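Q: Same order as they appear, the protein sequences are chains A and B.
Start counting at 1 in the first sequence, then tack on 24, and there's your number in this note's numbering.
Start counting at 1 in the second sequence, then tack on 28, and there's your number in this note's numbering.
Please keep in mind that the hints were generated in silico from the structure rather than gathered at the bench.
It should be emphasised that the depicted structure is a prediction, and the values quoted were computed from it without experimental measurement.
Heads up, a few of these hints could be off.
[Stated by the list, open to error] What the simulated footprint calls covered on chain A by chain B, stretch by stretch (three residues with Cβ under 8 Å from a Cβ of chain B suffice, anywhere in the stretch; the number is not a length): (1) 584-596; (2) 599-610; (3) 623-636; (4) 694-708.
[Stated by the list, open to error] Some residues of chain B that are not near chain A, with every Cβ distance over 12 Å (derived): (5) ARG30; (6) MET45; (7) GLU65; (8) ASP78.
Positions of the beta carbon are idealized from the N, C-alpha and C atoms, including for glycine.
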Amino acid sequence: MPPRESEVPAVYQVEGRRLRPSMAQESLLKRNAESARATLERSSDLPEDNPERMKAAMDFEEANLDLETFDLTHDPTGALKRETIGTDLAEQLSERIAVEGEPVPDVGAPELITPILLVNMGELDRLNKVSPDFGNEALTRLADVISRKAEEGLGEVAQGKPKTFYKLYRADNNSFMIRFTEKIPADLARSIQKSLSAPAGERWGDGEDLFEDKGVDSPPVIADMVSIEETLADLPPSLRTSGKAETYAVGALKDVLFTMQDAQKIVSRVDRMRHAIAADENKARDLYDKFLKKSLVGVFTMETGPQAIHTPVETYEQFKDYLKSLDQQSAHAQAEIWETAYGKVLGDLRLRYEGDAKYVKRIQNFVAEKVKEDRAISIEERRSSVPPGAELPPDVPNGGFEEPSRDDATEGLRAFAGLRTELGLMQDNLEKARAQGASEQEISRLEQATRIAEKTLNREYASRDATTGLELRRPLFERLESALKDPSKRVANVSMDMGFLKYFDVVGGRETGDLAILKAAETFQQVRDEFSKDGMEVSLHRLGGDEFGMTVVGESTLSAKAFKRRLRDLQAELLRKVETAGRIPAKRGAKQGYYATDISLGVGIHFYEDGAAALNEDKKYELTTKPPEGMAVDESPAHESWRRNKRAEHLVKVADKVMEFQKASNRLKLMLEKIDQIETIKQKPHADEELRREEEHLKQLLRFSDKAIFGSKGRAQLDVWRERLIAGESPEDLDGDIHSFVWERMDETFQQEQSERKDLERHVEYAVRIEYLNGRIDELQAKLEEALGSTDALKERREREQQALRGKLKSAEEDLEELKSIRGQLAA
Amino acid sequence: MRAQLNRRIDEALGHGMTPELLVMRMNTAFMKADITERLESLQDVESLSDVAVAVAMKRLSHKSYDRSPDLDPAADLAARRAS
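All chains should be built: construct the whole structure from the sequences, respecting the hints.
A: In structure tokens, the structure reads:
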């Protein structure tokens with residue numbers, strides 16, 4: 025008899041690529057879910073309202089939720105995701121406060137402590153340049169090394185159960201946090217901390233050397249530690265009874281750890297530069313310009329505090345001279361660097377919490393005390409002499425801004441709200457049943473139902489971004505990859521980048537920043553809803569701070585032309601809607617100088633018209649001809665799924681590049697336009713005030729755009745273009761030049777990168793260029809069609825224009841051909 | 029004319045040009061034509077006077093919007109190869 029197709033839903037499939045081999049807990053949850061499913065299947069012949077069957081169904085639902093939530097809350101390295109750190113720490117602290125009540129006044133260093141360690145791996149950029157996945161591999165290895173060393177370090181203290189003593193979290197992009205859940209001897213904690221730090225180039229314990237294999241130095245690893253005991257002892261007395269003690273302590277704990285870590289990073293980077301300069305001057309310059317400059321620039325130019333330095337230390341040469349001047353008094357050089365690094369991070373604390381001088385002082389003192397103990401140096405805040413910003417315009421009305429609802433702005437937030445209500449109802453029912461003395465069986469059923477509701481809510485929280493309720497990165501890839509399974513479907517990725525988020529966050533304060541993000545998400549959701557119809561399905565994701573993404577999947581019934589058209593419309597609608605959503609008003613915590621500002625958005629799109637186009641691009645760019653070692657090219661499900669993953673990745677990468685290209689071009693065009701305005705005003709009488717305002721605005725634009733316009737190169741080029749404007753050209757005459765300029769700069773950056781898959785990266789660059797040219801050709805074609813379709817009289821008048829257009833079209837096509845042939849040569 | 033202007037704006041947005049750039053371009057056009065109206069955002073297009081709409085349309089229909097990405101791609105490539 026053929027097996028009956030089961031009506032019981034499947035066990036949750038763990039789809040995230042697991043990089044870490046040892047995931048014992050996950051396997052256990054999976055076995056639980058499988059056995060619960062088997063029990064349910066066995067009882068599926070019973071009537072639906074049979075208590076045994078109902079129980080089995082609930083058991084399975086709960087086990088499956090546990091498995092799914094585990095998958096969603098752990099990152100590919102096997103560490104817990106960062107989102108849970110705050111709540112877990114708060115819980116631990118509040119338990120501790122409840123148990124111990126008033127902490128004992130400081131009676132010297134305690135012998136038993138509950139340590140929290142922050143372990144940072146430096147130079148992730150450099151590793152990612154080796155190959156796209158190498159940084160992740162290194163982090164995964166680090167996660168394993170951390171667990172092993174922590175467990176080895178615990179030794180006998182752990183009484184054979186080391187895993188119950190700590191939890192490992194991914195604290196940020198390149199750091200892990202180990203939260204101990206039990207008290208351990210203080211000297212043991214310090215020796216664990218010590219064992220976890222390693223300078224660049226040092227082997228990470230035994231076993232094969234991941235870095236030696238690739239011929240690169242291992243990155244530096246830095247571990248910092250703070251204990252729950254010291255954090256609680258430092259808690260201001262007024263807070264203890266306020267009910268906010270945990271929130272405060274968690275914030276303080278994180279601030280202390282990250283502040284110390286930031287100082288360590290600075291010193292580690294300086295050390296690295298010192299070694300690099302001694303070894304090979306050219307490589308050192310390269311290392312500085314490409315990887316370390318952005319984090320070291322300005323650190324050593326201080327205007328307050330002892331030994332204020334007034335010479336700028338920004339370029340490689342300046343930095344080298346600075347090191348040289350330090351080394352002349354070598355006895356103090358290292359201490360001086362430590363003091364400067366700490367001075368800088370203490371100063372940053374003040375910038376971050378400008379409105380809360382008391383808090384800043386407290387954390388600064390806390391850190392200073394620790395540093396005095398650990399390193400026997402006294403530190404003091406220093407402030408960077410980076411010039412303050414230009415004068416800001418007076419506040420402006422918020423242009424019809426409507427506050428988005430935190431329960432309703434997006435689909436995900438609506439889901440959160442719905443599940444919260446459901447959980448509330450369940451809890452009420454349970455309480456009612458208890459009060460009415462219901463049977464034990466009934467109570468137990470209601471308890472499980474409440475648990476399931478709670479777990480469903482938690483699963484939903486884990487699968488979405490908390491602020492916006494949008495789906496995260498993984499579902500974006502899942503959607504793209506699943507759409508790529510069907511070669512007749514049309515698939516696009518839209519990359520979106522919110523401009524000036526730092527301005528909202530830093531000047532406007534955290535709440536204003538969150539509001540800007542939520543407003544953007546609400547707008548994206550409206551556009552998504554508007555375009556998710558007539559054979560097109562759009563999904564919306566928050567990928568990180570200011571990065572968002574959309575997937576667009578079109579049915580084959582939608583013509584390729586119509587699909588492209590609708591992508592254009594979608595882009596236009598996104599840009600228009602975001603700009604007309606009103607300016608983000610200041611919320612609590614906003615600093616003086618914040619003024620209501622529009623959200624600005626960068627958009628980049630890349631798409632496959634259908635499977636043939638995907639295959640074509642695949643072939644052209646050799647996206648999937650080099651599978652990783654150990655994978656057979658055999659069209660097996662594993663190979664197929666890897667190929668889909670690569671294609672999806674390519675789609676996202678190109679869209680990101682297109683966005684970068686657009687962003688730089690738009691920013692340059694904007695500034696050129698401002699320059700044109702200024703030149704226009706100059707010719708008008710009595711417009712001094714207007715002139716001053718516009719020049720101020722230009723200064724501001726320049727200040728916020730330095731990186732986007734490629735620094736001094738962009739500024740110099742703007743001066744050249746200014747001359748051409750004065751000579752009578754219009755800004756539009758320079759559009760073509762701007763595109764070329766941006767393209768060349770992107771090409772230069774690309775040339776400097778040392779990627780193993782340079783061929784692939786090169787193709788991404790070309791794809792962007794070709795995409796751009798195709799866009800222009802499309803536009804010209806549309807113009808041409810429009811011209812051809814007009815009346816005879818118009819036809820006559822436009823004949824010359826048409827010819828010119830055809831000429832341009834032809835030369836753009838020739839350019840395209842030319843690029844193709846260069847690419848061919850490169851591939852060869 | 030107003031509908032045409034809105035269509036032209038959507039076309040430009042569809043190609044990735046940002047609203048702030050379009051707003052600024054139209055404002056410069058007003059400045060040059062001695063029109064005192066100014067746009068704060070694309071929404072304000074609806075309240076522009078007919079004269080301003082005409083000026084904006086002219087600016088956004090500038091012939092160079094039709095040009096290819098490089099001034100002369102073939103010559104550009106040739107020059108780059110020569111260097």
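Q: Closer than 8 Å Cβ to Cβ for three or more residues is the test here. Does the segment 599-610 of chain A pass it with chain B?
A: holds (count 5)
Q: Examine each Cβ of chain A, and state whether all of them lie more than 12 Å from the Cβ of ARG30/B.
A: Non-interface label stands for ARG30/B: nearest chain A Cβ at 15 Å, farther than 12 Å.
Q: In terms of Cβ atoms, is chain A entirely out of 12 Å range of GLU65/B?
A: holds (15 Å)
Q: Just double-check MET45/B for me: nearest Cβ-Cβ distance to chain A has to come out over 12 Å.
A: violated (7 Å)
Q: Are there three or more residues in the segment 694-708 of chain A whose C-beta lies closer than 8 Å to some C-beta of chain B?
A: It holds, with 7 qualifying residues against the three required.
Q: In terms of Cβ atoms, is chain A entirely out of 12 Å range of ASP78/B?
A: holds (22 Å)
Q: For the segment 584-596 of chain A, do at least 3 residues have a Cβ located nearer than 8 Å to some Cβ of chain B?
A: holds (count 4)
Q: Quick check: the segment 623-636 of chain A, covered by chain B? Criterion 3+ residues, Cβ under 8 Å.
A: With 5 residues closer than 8 Å to chain B, the segment 623-636 of chain A meets the three-residue bar; holds.
Going down the numbered hints, you'll see the structure goes against just number 6.
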